[in-house]
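Here is what each chain is made of, one letter per residue.
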Amino acid sequence: MDIIIRNKKKITALAESLQEYSFMTVEMIKKVSKIRRNKTAIIEEMYTIGTQSLFIVVLGGLFVGIILALEVGYRFEMFGAKTMVGRTVSLGILRELGPVISGLLLAARTGSKNTSEIGSMKLSEQLDAMRAFGTDPVEKLVLPRMLASVVMFLPLTLLADFAGIVGGMFVSSAWLSLDKSIFWNAALYGLQMKDLYVGFSKPIVFGFFISTISCFMGMKTSGGTTGLGRSVINSVVTSSIVVLIIDFIFTKVVWEIM
Amino acid sequence: MGNNVKDIISLCNVSLKLNGRKILEDVSFTVQEGETFVILGPSGAGKSSILKVLLGLWKPDSGSVFIKGAEMSSLNENQMMPLRKKIGIVFQGNALFDSLNVQDNISYFLKERNSISERDIDRRVKECLAFVNLENAENLYPEELSGGMKKRVAIARAIAFKPDIILYDEPTTGIDPINVKILEDLILKIQNEGTTSIIVTHYVTSALRLGNSFALIKDGSIILNGSNDDILNAKDDFVKEFFSDYQPDEKFLQKVNK
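Protein chains in written order, with the numbering used here: chain A, 1 to 258; chain B, 1 to 258.
Since the hints were made in silico from the structure, they are not lab data.
Among the hints, a few may not be true.
[To be verified] Here are the simulated distance ranges between beta carbons:
1) A/155 to B/28: 56 to 64 Å
2) A/120 to B/74: 57 to 65 Å
3) B/18 to A/3: 54 to 62 Å
4) B/22 to A/12: 57 to 65 Å
5) A/9 to B/86: 38 to 46 Å
6) B/233 to A/233: 29 to 37 Å
7) A/120 to B/119: 28 to 36 Å
8) A/204 to B/116: 37 to 45 Å
9) A/3 to B/74: 39 to 47 Å
10) A/184 to B/113: 19 to 27 Å
11) B/189 to A/18: 47 to 55 Å
These numbers were taken from a predicted model, which means no experiment stands behind them.
Backbone N, C-alpha and C define an ideal beta-carbon position, used for all residues, glycine too.
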């Protein structure tokens, strides 16, 4: 109880932010019907997310696959279970590591871009200008970014997953002397439909939360350049934590339900 | 207040606090159709806050704001949009979109309204640029413009959709004397077309050249509201001090005598 009283201000500020974030999100969902009006902005955002994040996400996925194959490969070899490497790598990457690593990298890459862009627009009164001239910044700035993220995060994650599994295969072949066909057989054999459902749903949910949180942080920016820096940091940290929490919820709750 | 048909804008006992700090206290004034109302005061007195309250960007804690008979403070964001479309604003920092060139900055809000064709939009942009003497600047980006040019683009954007009311937030601040004269002439030209204007400034000479009626604000409260005559004959020490450097020229005295 003492902790609550001592941190009353912080708790109130957090509750207020959550409330404002919820209002903004509801407002944005109400505007989803205006997709056609904003299709150019959505396509531009999709292009930006796709082209600018592809390299970092694929590179992230590739190294996760390589490290995972090496780590499990050497341990499995001790028990004579080297053939299980493919299965472990594919399951680990498709279900957990691929979406999480991609989510974290995209939270940093796309989230910081959203917050800094919208934050500097806020500081230079461009958001006020939009509202003053009768245009809704949520419809014009948040909605396109959210839709573009939801659409683009899945193919980016799939490419990261693919790069990770291929990386794992080459490492197994080169350093563990595991035949590529054995690796692939194990990798595909161990997969179930629900692995794919869970693995493919995560990026869509991450895309929604990363984009809305980063846009919200941008819209709340105040305090000049220092404030903008603070907003970007808060955006990346909050989005990353939310990615991990959602991943836990998917793993524990959704997996058990399915 | 707010009932007179000629009163296009009325503020009745408006008070506003932000983060516990008093910004406006019991502010009341009316602006009639076609009038140019100037709000004067030292920096930080609350002048720009009045414009934000007028546009509904900030909701007052108490009091009422009437624009064309509609009570702004009782409307939600969506209900305010049609009213805001009748008001143009020139922001202190111009609030031009950095990523758009001059042509797109001016046409942005025209396109948003979906009421006129692309060809008419282009024609209107050219008209507005000609009005502010920037015919050849349409392909330039805000970072390529001087302070005075940016201000003129902001004015062109504000008049593009032929608003009934234009708000100017410090239109001549930070501008060299030659450009100040150009901007003042532009404002007078817009005024002569019958547009109601509210100008916020701390430059006495500009204010007296442009305004028909005036309000002097200090620490969030209006301490003088009247005509040029009231200003010259004021007994209040602060008013006298604020206007102490001003030497009325022949033209101004003729205007007062009229």
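- Task: Could you say whether the range 38 to 46 Å given as a hint is met by the Cβ separation of residue 9 of chain A and residue 86 of chain B?
- Result: 41 Å, holds
- Query: Falls inside 54 to 62 Å, the C-beta gap from residue 18 of chain B to residue 3 of chain A?
  - Reply: 29 Å, violated
- Lying within 47 to 55 Å: is that true of the beta-carbon distance residue 189 of chain B to residue 18 of chain A? At 49 Å between Cβs, range holds.
- residue 155 of chain A paired with residue 28 of chain B, Cβ distance criterion 56 to 64 Å: Between residue 155 of chain A and residue 28 of chain B, where Cβ atoms are some 58 Å apart, the hint holds.
- Pairwise beta carbon distance, residue 184 of chain A to residue 113 of chain B, judged against the given window 19 to 27 Å: Given a distance of about 57 Å, which is not inside 19 to 27 Å, the answer is violated.
- Task: Can you let me know if the beta-carbon spacing of residue 120 of chain A and residue 119 of chain B is within 28 to 36 Å?
- Result: Given about 33 Å between the Cβ atoms, the range holds.
- Query: That 57 to 65 Å hint for residue 22 of chain B and residue 12 of chain A (C-beta), does it hold up?
  - Reply: Given a distance of about 21 Å, which is not inside 57 to 65 Å, the answer is violated.
- Message: Given the hint of 29 to 37 Å, is the C-beta distance from residue 233 of chain B to residue 233 of chain A inside that range or not?
- Response: Violated, since residue 233 of chain B and residue 233 of chain A (Cβ atoms, about 56 Å apart) do not stay within the stated range.
- Item | C-beta pair residue 204 of chain A, residue 116 of chain B: status relative to the range 37 to 45 Å that was hinted | At 38 Å between Cβs, range holds.
- Item | Hint check for residue 74 of chain B and residue 3 of chain A - Cβ pair distance inside 39 to 47 Å | Check passed, 41 Å falls within 39 to 47 Å.
- Between residue 120 of chain A and residue 74 of chain B, is the Cβ distance one that fits in 57 to 65 Å? The hint (57 to 65 Å, Cβ to Cβ) is violated, given that residue 120 of chain A and residue 74 of chain B are roughly 33 Å apart.
The structure fails hints 2, 3, 4, 6 and 10 (numbered hints given earlier, in ascending order).
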